[in-house]
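Spelled out, the chains give:
2 protein chains.
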Amino acid sequence: MKGHDIIIVGAGIIGMSSAYHLQKNNPNKKILVIDKETGAGQGNTAKAAGMFRNTFSSRTSQILSDTSINFYSHLQNEMNYDIRLIKTGYLWLLSKRQLDEYSPTIKKMMKHGIEIKILKKDELKKIPKLNLELNKNREETKYLGLENIHKGLLGTKCGELDQSELVKFYKEEFEKWGGETHFNTKVHGFIITPKNEFGVAPFVWQNPKINGVTTENGEVYGDKIVLATGAYSHELLNPIGIDSHSRPKKRQLFQLQGSNLEELLYVKGFNEEGILPFTILPKSGVYVKPDETGKGFWTGCADDLGRPFSLDVTPEKSFYEFNIRPILTKYLPQFENARIVNKLAGLYACNTIDGNPYVFEKYGLIVISGCSGSGIMKADAIGRIVDALYRRKGEAELYGNVKFRVSDLGIEKRNVENEEFMI
Amino acid sequence: MKGHDIIIVGAGIIGMSSAYHLQKNNPNKKILVIDKETGAGQGNTAKAAGMFRNTFSSRTSQILSDTSINFYSHLQNEMNYDIRLIKTGYLWLLSKRQLDEYSPTIKKMMKHGIEIKILKKDELKKIPKLNLELNKNREETKYLGLENIHKGLLGTKCGELDQSELVKFYKEEFEKWGGETHFNTKVHGFIITPKNEFGVAPFVWQNPKINGVTTENGEVYGDKIVLATGAYSHELLNPIGIDSHSRPKKRQLFQLQGSNLEELLYVKGFNEEGILPFTILPKSGVYVKPDETGKGFWTGCADDLGRPFSLDVTPEKSFYEFNIRPILTKYLPQFENARIVNKLAGLYACNTIDGNPYVFEKYGLIVISGCSGSGIMKADAIGRIVDALYRRKGEAELYGNVKFRVSDLGIEKRNVENEEFMI
Numbered sequence: 000m001k002g003h004d005i006i007i008v009g010a011g012i013i014g015m016s017s018a019y020h021l022q023k024n025n026p027n028k029k030i031l032v033i034d035k036e037t038g039a040g041q042g043n044t045a046k047a048a049g050m051f052r053n054t055f056s057s058r059t060s061q062i063l064s065d066t067s068i069n070f071y072s073h074l075q076n077e078m079n080y081d082i083r084l085i086k087t088g089y090l091w092l093l094s095k096r097q098l099d100e101y102s103p104t105i106k107k108m109m110k111h112g113i114e115i116k117i118l119k120k121d122e123l124k125k126i127p128k129l130n131l132e133l134n135k136n137r138e139e140t141k142y143l144g145l146e147n148i149h150k151g152l153l154g155t156k157c158g159e160l161d162q163s164e165l166v167k168f169y170k171e172e173f174e175k176w177g178g179e180t181h182f183n184t185k186v187h188g189f190i191i192t193p194k195n196e197f198g199v200a201p202f203v204w205q206n207p208k209i210n211g212v213t214t215e216n217g218e219v220y221g222d223k224i225v226l227a228t229g230a231y232s233h234e235l236l237n238p239i240g241i242d243s244h245s246r247p248k249k250r251q252l253f254q255l256q257g258s259n260l261e262e263l264l265y266v267k268g269f270n271e272e273g274i275l276p277f278t279i280l281p282k283s284g285v286y287v288k289p290d291e292t293g294k295g296f297w298t299g300c301a302d303d304l305g306r307p308f309s310l311d312v313t314p315e316k317s318f319y320e321f322n323i324r325p326i327l328t329k330y331l332p333q334f335e336n337a338r339i340v341n342k343l344a345g346l347y348a349c350n351t352i353d354g355n356p357y358v359f360e361k362y363g364l365i366v367i368s369g370c371s372g373s374g375i376m377k378a379d380a381i382g383r384i385v386d387a388l389y390r391r392k393g394e395a396e397l398y399g400n401v402k403f404r405v406s407d408l409g410i411e412k413r414n415v416e417n418e419e420f421m422i
Numbered sequence: 000m001k002g003h004d005i006i007i008v009g010a011g012i013i014g015m016s017s018a019y020h021l022q023k024n025n026p027n028k029k030i031l032v033i034d035k036e037t038g039a040g041q042g043n044t045a046k047a048a049g050m051f052r053n054t055f056s057s058r059t060s061q062i063l064s065d066t067s068i069n070f071y072s073h074l075q076n077e078m079n080y081d082i083r084l085i086k087t088g089y090l091w092l093l094s095k096r097q098l099d100e101y102s103p104t105i106k107k108m109m110k111h112g113i114e115i116k117i118l119k120k121d122e123l124k125k126i127p128k129l130n131l132e133l134n135k136n137r138e139e140t141k142y143l144g145l146e147n148i149h150k151g152l153l154g155t156k157c158g159e160l161d162q163s164e165l166v167k168f169y170k171e172e173f174e175k176w177g178g179e180t181h182f183n184t185k186v187h188g189f190i191i192t193p194k195n196e197f198g199v200a201p202f203v204w205q206n207p208k209i210n211g212v213t214t215e216n217g218e219v220y221g222d223k224i225v226l227a228t229g230a231y232s233h234e235l236l237n238p239i240g241i242d243s244h245s246r247p248k249k250r251q252l253f254q255l256q257g258s259n260l261e262e263l264l265y266v267k268g269f270n271e272e273g274i275l276p277f278t279i280l281p282k283s284g285v286y287v288k289p290d291e292t293g294k295g296f297w298t299g300c301a302d303d304l305g306r307p308f309s310l311d312v313t314p315e316k317s318f319y320e321f322n323i324r325p326i327l328t329k330y331l332p333q334f335e336n337a338r339i340v341n342k343l344a345g346l347y348a349c350n351t352i353d354g355n356p357y358v359f360e361k362y363g364l365i366v367i368s369g370c371s372g373s374g375i376m377k378a379d380a381i382g383r384i385v386d387a388l389y390r391r392k393g394e395a396e397l398y399g400n401v402k403f404r405v406s407d408l409g410i411e412k413r414n415v416e417n418e419e420f421m422i
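Residue numbers (numbering that gives the first Met the number 0), protein chains in the order written: chain A, 0 to 422; chain B, 0 to 422.
To be clear, the hints were calculated from the coordinates, so they are not data collected in a lab. Since the structure is predicted, the reported quantities are computational estimates derived from the model, not experimental observations. Check the hints yourself; a few may be wrong.
No farther apart than 30 Å at their CA atoms in a straight line, the calculated lysine-lysine pairs in the BS3-like style are these [as the list claims (entries may be wrong)]:
#1 B/K110 / B/K128
#2 B/K95 / A/K208
#3 A/K208 / B/K361
#4 A/K141 / A/K119
#5 B/K361 / B/K316
#6 A/K329 / B/K208
#7 A/K120 / A/K150
#8 A/K412 / B/K208
#9 B/K107 / A/K392
#10 A/K412 / B/K116
#11 A/K116 / B/K412
#12 A/K402 / A/K392
#13 A/K95 / B/K135
#14 A/K412 / A/K107
#15 B/K412 / A/K412
#16 A/K46 / B/K361
A few chain B positions that, by computed beta-carbon distances, are all more than 10 Å from chain A [unchecked claim]:
#17 L84
#18 P238
#19 P307
#20 R390
Built from N, CA and C at the ideal position, the CB exists for glycine as well.
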């Protein structure tokens, strides 16, 4: 395994999108993707909800997601590549207080042409048994700090796709263009040159550069290395003293089924499919994602304080019971008798500074990190930006001829607004 | 140990400056400082070079250091508190290439009134045996990538102080105002309330808050906790999932003595003291710091790639031999026969995003981090900013009535330029 032009570490959605765009735009380069899993998209990509939205507050996240969604729609509709994309929408159910708080953000989104609608209570009443007004005198309402639902915010250019099909597309096309993949190969570290005879770190006056990786199957050299290992980035970067600019945090998903859920699944009036949008409740970001196959829902919520930065991916049933269920059942009583049929936990690569991805280069290494749970919905744009950085282009051309300044996602000349609309 | 208004974890220079300003401005509050060491300033503060400068490229670092230096000078000169402050200057010896590269930064510094002078070769010739021009044909010159010295950049409002005396000042005054200290007490973690009966992390709907710490000597509760543990911040923050926004990196100092060093120590024409300024060579940031007591010098240099993020503080003689010595002796041959008489290693709390400190609040916890090797020279300003944040003031008043917007050092509304002038 020698003499590659580019080595990409990580075959998740970000690594494979990067591989595809790099190979397509540099057809004469020998590109290799290495991953510890048995195939592409088998790590945290497989554990994602597969949702997409363009409803972000920062212009950067808007552009990255919107152009990626356009490309995915193009794949689905014009190229007839079935990634099971449906635009079922994102529905935020907001209290009066939340609406007031988010109002400037919503106005800014509208100004930038993000497709959103404000829904009044009448329209929300289409959702069977949804408790718009909670009994204020009930002990639980106070205990849980629940608020009445005042309005809905519906993002219509949002929905879901099958990320395994999307990864497959990128992998197949990458290989068609001549790209190579090595799976079942864990990368242990980086090779830094020039080497010195003492076998220690390079001397400070040597102008060192990263140009290879050590793996369980030997050393692999490449002129340029791309690190796309998401939440695991720090494991390879800490030993050489480069900051991953992301921290790993467990995020859990619970699949629920129950006899009362079907009436909630098929709701007309929000989208063409006649199913409930991905719906976010007005407390703690608890959400439900329709699951047509299972005739039920997936649910989850983000926890912040007290959830450690760690690589633990054990799902906890108690997290559903104590954190999600109390809130969920108060607004949507159909979940009272629902049972967990499946649970899984993946890792977010949290960017805790501004909530936007990082794409930067240091010592010949291109690092992509901090996608913070919106990697799938931004993957196409990020792949194009990685390619532009490789080719020393100041601007990347995103899908639909949208220009994006590469250094905006970097470190020294970083230029992004703080993302306020995280889930 | 119960019922404090403020608990400060960490009695280094940053923690003690914060303690002093908080207690002085909130005389009725019960404030406790806790530290694992036997006294104040015994951790990484004790392992610092004790240098100060206002020669930064970012306006933020300029203001933080300049006002702090003014306060330290006031202590030394008007309050007759001897912190052994001397303004011996910082002297960067620059190649033509470096001068061209830094030229915009230098112009910006001058525009902001930072006290700097450009020195021509004639003036640099006052330094005995300094090799301004290296023999280009020598193997070593090429091998080490050394350049000729073209100009000098002298920062005159720069110098050194005894940080142990400065820490002592803050501690004594803090105690005079009624503050309490507990040493030999390692903090193990944070207490998050409300507690729940299951003994696990707080539920997502509980609006949790940090209001205490667990220590080896028991629990301590406080309305507000201030974390000033520098390079160790992540050890307490990772388990509760708050980003420390800093990474620890070893930085080493070597004390050198030798019969030829005295002629280099006493050099007239750069400052009133008639000693060589703190001098930075034009390669890899190798510097020498005059050591009058030892009639020699301290030396060091920053290494980046290959130096891991870790809490290791073992000094390595080989680091001097292979990294520093080859460069040092080429420019200043007096070091040929110098020997190491002492070596020490401390930890930088690296901010790898923009190089400026962080002061932010999350869940009732105020975190100070990322001081990146310029903590002592900015400590007074940072203490005042911490106090302003505690008192919910939008602006802090730094020494000399200089106003500073507190949120500029925070996360959401962070407003700093990238610092380009790191050593």
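Is it correct that the beta-carbon of B/P307 has no partner in chain A closer than or equal to 10 Å?
-> B/P307 is in fact no farther than 10 Å from some Cβ atom of chain A, at 5 Å.
Quick one, are A/K412 and B/K208 close enough, alpha carbons at most 30 Å?
-> Distance of about 35 Å is beyond 30 Å: violated.
For the pair supplied as a hint, A/K95 and B/K135, is the alpha-carbon distance within the 30 Å limit?
-> violated, 73 Å
Cβ separation check - B/R390 to all of chain A, threshold 10 Å | holds, 24 Å
Does B/L84 really sit off the interface, with its C-beta more than 10 Å from all C-beta atoms of chain A?
-> holds, 30 Å
For the pair supplied as a hint, A/K329 and B/K208, confirm whether the alpha-carbon distance does not exceed 30 Å.
-> holds, 25 Å
Does A/K116 pair with B/K412 here, judged by a C-alpha cut-off of 30 Å?
-> With a Cα-Cα distance of about 28 Å, the restraint between A/K116 and B/K412 holds, given a limit of 30 Å.
Given the proposed pairing of B/K95 with A/K208, does the C-alpha separation stay at or below 30 Å?
-> holds, 24 Å
Holds or violated: B/K107 with A/K392, Cα cutoff 30 Å?
-> Roughly 28 Å separates the two Cα atoms, so the pair holds.
A/K46 and B/K361: Cα distance at most 30 Å?
-> Holds, at about 29 Å.
Is the hinted pair A/K120 and A/K150 satisfied, with a Cα-Cα distance of at most 30 Å?
-> Roughly 6 Å between the alpha carbons, so the hint for A/K120 and A/K150 holds.
Is the straight-line distance between the alpha-carbon of B/K361 and that of B/K316 30 Å or less?
-> violated, 41 Å
Of the numbered hints listed earlier, those contradicted by the structure are 1, 3, 5, 8, 13, 18 and 19.
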